[in-house]
Amino acid sequence: MDMQSHAGVDLDLLEDVLAQYQGQRGALIPILQKAQDVYGYLPPQVLQRIARSTGVAVSKVYGVATFYAQFYLQKRGRHILKLCDGTACHVKGTPVLATALEDHFGVQPGQTTEDGALTVEVVYCLGSCALAPVAVLDGQVMGRMRQEMLVRTVQKQVGAAGGEEV
Amino acid sequence: MELTAIARLAAARTQARQRYSQTQAADLFITIGMGTCGAAAGAAESLEAIERELAKRRLAATIKQVGCVGMCSFEPMIEIQAAGRPRVNYGAVTSRNVAEVFGHYFDGGKLRRAVVVGEAIPTITTAHEHELHSLSFVAPETQERIPFQAKQLRVVLSNCGLIDPESIEEYLAVDGYAALERVLTTMTPEQVIAEMKESGLRGRGGGGFLTGLKWELARKTQHWPKYVICNADEGDPGAFMDRSVLEGDPHSVIEGMIIAAYAIGAEYGYIYCRAEYPLAIRHLHMALAQARALGLLGQNILGTDFSFDLVVKEGAGAFVCGEETALMASIQGERGQPWPRPPYPAVAGVWGQPSNVNNVKSYAYTPRILRLGAAWFRGLGTLGSPGTAVFALTGQVQNTGLIEVPMGVTLREIIYDVGGGIPFGKQFKAVQTGGPLGGCLPAAYLDTPVDFDSLRAAGAVMGSGGMIVADQDTCMVEFAKYFMQFVVDESCGKCPPCRIGSLRMLEVLERITAGEGTLEDLDELNRLAGGMEAGSLCGLGQLAPSPVRSVLRHFQEEFRTHILDRACPARKCKALISFVVIPELCTGCMVCARNCASNAITGEKLQVHHIDPDLCERCGLCAEVCKFNAIEIVSPR
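These protein sequences, in sequence, are chains A and B.
Residue numbers 11 to 176, in the working numbering, belong to the letters of the first sequence in order.
Residue numbers 587 to 1223, in the working numbering, belong to the letters of the second sequence in order.
If you are wondering where the hints come from, they were derived from the structure by calculation, not from laboratory data.
Don't take each hint at face value.
Said to hold, decoys possible - Over the 10 angstroms line for every Cβ pair with chain B, so calculated as not near, a few chain A residues:
#1 H16
#2 D22
#3 L24
#4 V48
#5 R59
#6 A79
#7 T122
#8 K166
#9 G169
Unchecked claim - Which residues of chain A face chain B? A few of them, derived with a C-beta cut under 10 angstroms, are:
#10 R35
#11 P40
#12 I41
#13 A61
#14 R62
#15 V74
#16 Y78
#17 H89
#18 C99
#19 V101
#20 K102
#21 G103
#22 P105
#23 L136
#24 G137
#25 V161
Idealized CB from N, CA, C, for every residue including glycine.
Bound-form chain A, shown alone:
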């Protein structure tokens, strides 16, 4: 694991989480979830610390962390846009939303802009299908999205918080 790019991770922040699940069996996933809440992602030192504390092999911790879509092993952008590509959203136009985002911000789903301002992710179904297509920008659910509106909203949000976008 490349530790260089994950310097400055304060492992002390993890102690409360580890204490909370001390001795509970099958607690690996909740521990990883809580750890990600703390750090925003799961740096390698954190995985190693969790392995030591739970007695689960590092390889297994890594296996679990890479299996589930919710866990991130890399830093993410300052703003997160989730594009729902559930069936209803797909039928109602998510692919053209993704194309528009790519055209305007130069990021494909799963990528982060070079300046670290915006991460675009595709998720499968947020369960708000009646409002398809749905996008979630920094936790704010937006229904019935159109390309123009989405591009403008993202530009506003990303620009407002100090990103540097067109």
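Use these hints to put chain B onto chain A, whose structure you have.
Same frame as chain A, now just chain B:
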């Protein structure tokens, strides 16, 4: 003297009923739908606007926050009832529309943006002296049920939108936990199982296995501890029935699980809920704490020697965890990869112990069946599939939302009567049920009755409840490719038929949508599908080829057009279409050129524009922003 647990519950229920009727009889009573759909449509802002409007009008009101009534296309929705006047349900009540809604209700003003959905009438169905509360919506003029509701029958959704899901009192007021009381005080576990078998309830996760029989198998395994597990990992894209039940009526699921635990002899339970449903998880945690406080969970429930408790486990984003063995692996903190069956969970499930896994709705039906009786339930629906079916009706249909109909209603009735047909005067093309593991049916099958067996015979499945309507603009080849892409992303990778087979199928489908397919590819798809169906370890791999199979069966012509003419009839496949300016309609306003991110559009002001097909990314933004419909999509290129 300390009250017995039963007496405490009875006292709580009496008080709850009183308060419930007081609330309904308040001088001014307002409800607002605060499910995820409502929130996404802006219900929280509407609530603030309502409070401002009440202050402005110097009115005091009892405001109740409820779950989803299922008419998602009308969100945000509120109901207003002043003493002695009808309870009117309004739709599209965004914060800026609140004032006009109040103006309409109180002053007879005009509605401009909001709409009257109907009058909401609390309805009570009775059977065996027991009651099922729900809401009906009638048109104000005719007092007949509105079309969206006319063919519906709300059993498992009866409380959604009626009660405040954050309050156990409200659940008690509509006879919540009465079934549990009846079970624990008057029935043996064997009697509970017999009644469930008698009701004919089939598992609502999609499998359709008899719930009572499943419980019996778990009961017969002589090995403790046993576990009761609720599968709330509703991962099918386009399905949100379980989310609505958990958000709008969490106690009914918990009550069902306690009853199941009593029946099979379990002491522990898990609700495995996908993390994408934060509101459902929050409501479950609240409901569990309330139930514990009232002695409905924990040691010696209602003073009997039966003890049971359960916890919520959050998923971490893996579709395969909806498969029961993968779900149990995930509960154990492992990668969510299935293990071979048998042994079935009833024999060896989570932690190697006997486990009973049911879907959210199966548990939510349970207290209703045990309260109103197996005979009542059997009287609904069809002989082979008793009861009701819940669908998340979405896609290209007028009234999207959550619906519940008696089994046996036809697809046509659901799409045209309940759903209101296809919007914008377009043609129906296909209806898809069962998501990535289901199938789609063309117009010729619209009169197929909706029940487990009829849908399967037609080449689709009941599934867990997603129903997506596609109109003429949907490319069925692309649709099939979409589902296969989903399976490639979500295959857990344990067994090669699923892991490799899905990728190979996707490659063939990509070839075809890129205009590079051959007719041999169709045979290849069938061959690969056969391998996956026969060789995959779990239901995901075995059923993953179903969407492609059903498109091959019902829309073969569309495949052939892609292959032989290099054309996409729905004009969706990017490699097979071009965007072209219609010279007669173009006014040269330059809006398209300004919006084009790839600078593919050229032209002077007031002159006809031109789109360079080599630069064009086919994003479609130009066609969307053109006010004169001067851009058309042609295929083949």
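Here is what the structure says about each hint:
1. H16: holds (21 angstroms)
2. D22: holds (24 angstroms)
3. L24: Correct as stated: the minimum Cβ-Cβ distance to chain B is 17 angstroms, above 10 angstroms.
4. V48: A:V48 clear of chain B: closest Cβ-Cβ about 16 angstroms, beyond 10 angstroms.
5. R59: The claim holds: A:R59 sits with its nearest Cβ about 16 angstroms from chain B, beyond 10 angstroms.
6. A79: violated (3 angstroms)
7. T122: holds (18 angstroms)
8. K166: holds (17 angstroms)
9. G169: Holds, since 17 angstroms exceeds 10 angstroms.
10. R35: Nearest chain B Cβ about 7 angstroms off; hint holds.
11. P40: holds (7 angstroms)
12. I41: holds (9 angstroms)
13. A61: violated (12 angstroms)
14. R62: violated (16 angstroms)
15. V74: Result: holds, 6 angstroms to nearest chain B Cβ.
16. Y78: holds (4 angstroms)
17. H89: violated (19 angstroms)
18. C99: holds (8 angstroms)
19. V101: holds (5 angstroms)
20. K102: holds (7 angstroms)
21. G103: A:G103 check passes; min Cβ-Cβ to chain B is 8 angstroms, inside 10 angstroms.
22. P105: holds (8 angstroms)
23. L136: With a closest approach of 6 angstroms, the A:L136 hint holds.
24. G137: holds (4 angstroms)
25. V161: holds (8 angstroms)
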